[in-house]
Each structure stands twice: as structure tokens, then as C-alpha cells.
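Construct the entire structure; sequences and hints are all you get.
In case you want the letters, here they are:
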Amino acid sequence: MIAIIGYYNTRFGELWEKSFFDLTKETAGGVLKNNGIDLERVGAIFFANMLAGVLENNLHSAAKIAEILKVNIPIFRVEAACASGGVAFHLAKNYIEAGMTDTAMVIGVEKMTDYSPEEITTALAAASSGKEQEAGLTFPGLYGLIAQYYLNKYGYTEENLAYVAVKNHYHGSLNEKAHFQKAITIDDVLKSPYVAYPLKVLDSSPISDGGSAIILTKDKNLIKKAKYKVEILSSHVATDSISLTDRKTLDEIYASKIAANKAFKEAGIKRNEINIVELHDCFSIAEILAMEDLGFWKKGEGGARIKELSTMYGRGSDLVVNTSGGLKAAGHPVGATGIKQLGEIFLQLTRQATNRQVKNAKYGLAHNVGGSGGTAVVSILGV
Amino acid sequence: MISPVKIWRRQEEIRKILGYEGKVISWTKIFVSGLDFKKFVPYFVVLVELKNKTKVVGQLVDFNGNKLKIGEKVVAVLRKVKDVKEEDIIPYSVKFKLLKE
Chain C
1 MIAIIGYYNT
11 RFGELWEKSF
21 FDLTKETAGG
31 VLKNNGIDLE
41 RVGAIFFANM
51 LAGVLENNLH
61 SAAKIAEILK
71 VNIPIFRVEA
81 ACASGGVAFH
91 LAKNYIEAGM
101 TDTAMVIGVE
111 KMTDYSPEEI
121 TTALAAASSG
131 KEQEAGLTFP
141 GLYGLIAQYY
151 LNKYGYTEEN
161 LAYVAVKNHY
171 HGSLNEKAHF
181 QKAITIDDVL
191 KSPYVAYPLK
201 VLDSSPISDG
211 GSAIILTKDK
221 NLIKKAKYKV
231 EILSSHVATD
241 SISLTDRKTL
251 DEIYASKIAA
261 NKAFKEAGIK
271 RNEINIVELH
281 DCFSIAEILA
291 MEDLGFWKKG
301 EGGARIKELS
311 TMYGRGSDLV
321 VNTSGGLKAA
331 GHPVGATGIK
341 QLGEIFLQLT
351 RQATNRQVKN
361 AKYGLAHNVG
371 GSGGTAVVSI
381 LGV
Chain B
1 MISPVKIWRR
11 QEEIRKILGY
21 EGKVISWTKI
31 FVSGLDFKKF
41 VPYFVVLVEL
51 KNKTKVVGQL
61 VDFNGNKLKI
71 GEKVVAVLRK
81 VKDVKEEDII
91 PYSVKFKLLK
101 E
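Protein chains in written order, with the numbering used here: chain C, 1 to 383; chain B, 1 to 101.
Hints may be right or wrong, so weigh each one.
Claimed, not checked - Keeping only pairs whose Cα atoms sit at most 25 Å apart, straight-line, the calculated DSS-like set for lysine-lysine is: (1) B:55 x C:299; (2) B:51 x C:131; (3) B:55 x B:23; (4) C:248 x B:23; (5) C:33 x C:248; (6) B:82 x C:248; (7) C:153 x B:97; (8) C:191 x B:69; (9) B:55 x B:85; (10) B:82 x B:55; (11) C:227 x B:23; (12) C:191 x B:97; (13) B:55 x C:191.
What the hints assert, rightly or not - What follows is a list of derived Cβ distance ranges for each label pair: (14) B:79 x C:318: 28 to 38 Å; (15) B:88 x C:72: 39 to 49 Å; (16) B:62 x C:362: 57 to 67 Å; (17) C:59 x B:88: 24 to 34 Å; (18) C:362 x B:23: 43 to 53 Å; (19) C:60 x B:3: 24 to 34 Å; (20) C:362 x B:67: 26 to 36 Å; (21) B:1 x C:56: 15 to 25 Å; (22) B:87 x C:249: 36 to 46 Å; (23) C:309 x B:75: 43 to 53 Å; (24) C:60 x B:19: 39 to 49 Å; (25) B:71 x C:261: 26 to 36 Å; (26) B:21 x C:362: 21 to 31 Å; (27) B:79 x C:193: 41 to 51 Å.
Source of the hints: derived by calculation from the structure; they are not laboratory data.
Note that CB positions come from ideal geometry on N, CA and C, so glycine has one too.
Pasting the structure below:
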């Protein structure tokens, strides 16, 4: 059994007083101190980050982390665009299973708000194909193409998309570490300016700074002594063409379907046993597609189902989605996101989610996507 | 400056698409761009299926409307990608124009 025995995340948001490495130091120190874990027990570190090389000319961050923590253990930087955190977790789990260490730290950090929207837009576009970049496509633009196709094919409108943002902002209002902690209305979403038609500012996750970290172990003594623990039941990664033009269809993220099917098979549980999902809502359309691709809703029904708000906290549903606020409201410091998703599941399953605690949650699923769907990671946790 | 060799390599691909007709499968209008396209916002980008079933993305040019219809017919044309410095090589690529019936 491999378990998560500790989690920490910084506040997500515009953290102007903190640098990239300030956040790294706070996050690594926080996960050890808050969970009473000795650094000497950590045999390897997996570090998720996408943009430091592009934006800050900061590569070889493994050695910088060694300097901060004063260690000489293996440290690996993992980059898979917005799925960097999920992939880092997946690799750390495999590293432990392979017998390379008993205990590993997975940490994700991103510093984004030192740069203009155009600089960040250009940097993020590095995760798209050259042809897409040449056409002037941005990430909101790529998801705008997906949204337009979906709305047209199934007869929905921008109002259907807006319900995702309303739900996740409500959840963000319950999370003291979320970038946005204010509830919004459908009208607010529909009146917000376009970023890439038909997606508006309030359909989109923000540019955020932040860090998150978890500790994984198979050390029986550490697991026994841990105050909080959840078991990792499965974790699977799948890939697909980086270009939208090379995908079979635009109304699904095929990599999510593959990863989810494998993760459920390995975990040995059914969809209706999952109580908590943290999924990749980088844009409102992405949550609707994810609910369909993960197998919770039928293809094409998502636009209608989201209007029921059955996956909102407090509705008495058996399945609550993105209690952290999701990428939309909790924020999206790219490398930290996938780890924060796992951390939110950890908090929920260990009854530490305070005012957003879902009752009797037993199984949770984290879904992390890179680019416009070129990489997807699905991990299932349980208690 | 973009390497002339890089531009030459890309031109080899672009010439295979020029003049092809196709239909719009999806489209978007970009309001916040990257650095290279800041002066052109807002602009349309279309995802087109050519008659040979190849899918291509490109900007829509010579279009003054606010909204497009999915299924509209377009043709691939050669256009400048972005502004460059005085002595740089200008990169060209495929963009699309609406095809008049």
C-alpha cells in the first residue's frame, strides 16, 4: 500500500511579495512541518513546474531545491504543461513501487503574475503545436474552438457553460486559500468580456501564483504514525495528439477517457462509488467535457446536467465536483494545480475540509489535463 | 529574428495547402493574444476541414462580420503571419477567406 500522509498548499493568487523560490521554500517546508514529517525520511523529490524555464530563465530547479532544503537526494523536474503536477505524482508513485525509495515528496510551484497577459499567453502557448501558435491560437482560443463545436453540436448556449463558473466560485468562497473567494451569478459570467469567443473572462481560470505539496510513502511505520492518511488506489496517464486538428473529434478529451478507464479498472471501484472529484476546469467547457469523458455523464448531456447544479456542495448529492473551487476559483498556478487537486481529495477523505466538508466521502478522483488534451492523468484515492 | 532556414522548412509544408477549399468545423475570435499578435486583436481563427479531409487551423482574413456559421466554405490563401523588424525575413503562412458562392 502506498499512502498520502501529508499535504500543504500556499494561498493561490497574486502573491507579489513572494518569488518562485520563496514559494518553493514555503511549500516544501510547509508539507514537512504541518504533518510532522522529518526531511530525512524523504528519499526523492518530484518537482512539477511548467514555466520557470520559459519566463524566468530558471532551469535545473532540482539543484536549487537541493540548495533550499540542504539535501543530496534525487530530485526530478517534471513538465507536462498543466498536467505537470498529476504526472509528477504518477511518477513518484511508480518510483516508490519500483523500490527506489519508501517515501517521496511531490511538489508543484508556479510564479505567473510577474508578467503581462500577453507574455503569459505566449508562454502557455508553448504547450500547443507550432501550427496552432502560427495561427495566433491561445489556450483560451483552443478551448474556444472546442466550446464552439460542442455548443453547436448539442444545441447549448453560453449560459450552459456559465453554470460551471457559478458552482466553482461558490466553492472558492468556502476555501480560504482560493485565488477568488467570492460567489458570482450567471449574469456576472454572461456580462464579463470575451477572452476567446465563446469563452469569457469568468469562463476562464486565472493567472495565479502558488505552490502545493504532498508526501507519499509505503513505509508502514510512517503510515501507522500518520494522523491523516489516504490510500492511492490507482493513477494512470494517457496522451493524445498535441494538435486539435489531429484529434478524432473536438467534443471529447480522448486521453481523459483512456486514463479514467484504466484508473477505475485498477482501483476496482465503480463510477457511482466516487464521492469527490477534483477535475480540470481550466475553462468552463472543460468541466462539462471532463464529466462526460470520465464517465459520470453521457456524451452530450453535460450542458444540460450542469444546469441542475447537482455537483455543487450543499445539494445533498452523492458526487460533489471541485470543492476547492477548481482551477476556475481556487486558481491555476500551473505546476501546482495537479497536486492541489490530490490535496483537496486528501483533505476531504480525512475530514479536514472544514466548511466545505462532504459527509462520508470514501473515494475521490483527481483529473489533471495538459494542454488542450495532449496529456491526461486520472488518480483515485480511498479511505 | 526567425531563422531563414526555419521559414524555408515551413514554406515546404504551406505550399501543399494553398488554394485548397474546405468548410469551417469550428471558429473562435481571439480578444487576448500572445505578444506576436497583440496589434491584430480581435481576430478570427477557424478550424477547417479541407476537401481532402485534412484539418487545418488558420486566421480568417477579409471578414468584417461579428459571427461565422459552422459549415461555411473557405479557401486557403497566403498571408503574412506577423510584423518583423526591417531586415528580418517576413514569415508567411496559410490563412483563410470566405468562399463566395
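Hints, verified against the model:
1. Using a Cα cut-off of 25 Å, the hinted pair residue 55 (chain B) and residue 299 (chain C) holds, with the two alpha carbons roughly 23 Å apart.
2. For the suggested pair residue 51 (chain B) and residue 131 (chain C), the alpha carbons sit about 19 Å apart, so the restraint of at most 25 Å is met.
3. In summary, the hint linking residue 55 (chain B) to residue 23 (chain B) is supported, as the alpha carbons are separated by about 10 Å, within the 25 Å threshold.
4. Restraint check: the Cα-Cα separation between residue 248 (chain C) and residue 23 (chain B) comes to about 17 Å, which is no more than 25 Å; the hinted pair holds.
5. Between the alpha carbons of residue 33 (chain C) and residue 248 (chain C) the distance comes to roughly 47 Å, so the proposed pair goes past 25 Å and is violated.
6. Note on residue 82 (chain B) and residue 248 (chain C): the hinted pairing is violated, with a Cα-Cα distance of about 30 Å set against a maximum of 25 Å.
7. With a CA separation close to 24 Å, the supplied pair residue 153 (chain C) and residue 97 (chain B) stays within the 25 Å bound.
8. A threshold of 25 Å between alpha carbons decides the hint, and for residue 191 (chain C) with residue 69 (chain B) the separation of about 23 Å falls inside it, so the pair holds.
9. At roughly 32 Å between alpha-carbon atoms, residue 55 (chain B) and residue 85 (chain B) are farther apart than 25 Å, so this suggested pair is violated.
10. Proposed proximity of residue 82 (chain B) and residue 55 (chain B) is supported: the alpha carbons are some 22 Å apart, at most 25 Å.
11. Restraint check for residue 227 (chain C) and residue 23 (chain B): the C-alpha separation of about 59 Å exceeds 25 Å, so the hint is violated.
12. The suggested pairing of residue 191 (chain C) with residue 97 (chain B) is violated, with an alpha-carbon distance near 31 Å, which exceeds 25 Å.
13. Proximity of residue 55 (chain B) to residue 191 (chain C) is assessed by CA-CA distance (about 33 Å); at most 25 Å being required, the pair is judged violated.
14. Checked against the hint of 28 to 38 Å, the C-beta distance between residue 79 (chain B) and residue 318 (chain C) comes to roughly 53 Å, which is inconsistent with it.
15. Between residue 88 (chain B) and residue 72 (chain C), the C-beta spacing of about 47 Å keeps the proposed range 39 to 49 Å intact.
16. Checking the proposed 57 to 67 Å range against residue 62 (chain B) and residue 362 (chain C) shows it holds: the Cβ atoms sit about 58 Å from each other.
17. In this structure the hint that residue 59 (chain C) and residue 88 (chain B) lie 24 to 34 Å apart at CB holds, the actual value being about 27 Å.
18. Between residue 362 (chain C) and residue 23 (chain B) the Cβ separation comes to about 49 Å, which falls inside the hinted range of 43 to 53 Å.
19. The given range of 24 to 34 Å is respected by residue 60 (chain C) and residue 3 (chain B), whose C-beta atoms sit roughly 26 Å from each other.
20. At roughly 47 Å, the beta-carbon separation of residue 362 (chain C) and residue 67 (chain B) lies outside the given 26 to 36 Å, and the hint is violated.
21. Checked against the given bound of 15 to 25 Å, the beta carbons of residue 1 (chain B) and residue 56 (chain C), roughly 23 Å apart, stay inside it.
22. Judged by the Cβ atoms, the range 36 to 46 Å given for residue 87 (chain B) and residue 249 (chain C) holds: they are separated by roughly 45 Å.
23. At about 45 Å, the CB distance of residue 309 (chain C) to residue 75 (chain B) agrees with the hint of 43 to 53 Å.
24. For the pair residue 60 (chain C) and residue 19 (chain B), the supplied restraint of 39 to 49 Å holds, since their beta-carbon distance comes to about 48 Å.
25. For the pair residue 71 (chain B) and residue 261 (chain C), the beta carbons lie near 33 Å from each other, so the given range of 26 to 36 Å is met.
26. Between residue 21 (chain B) and residue 362 (chain C) the Cβ separation comes to about 56 Å, which falls outside the hinted range of 21 to 31 Å.
27. At roughly 27 Å, the beta-carbon separation of residue 79 (chain B) and residue 193 (chain C) lies outside the given 41 to 51 Å, and the hint is violated.
The earlier numbered hints that this structure contradicts are 5, 6, 9, 11, 12, 13, 14, 20, 26, 27.
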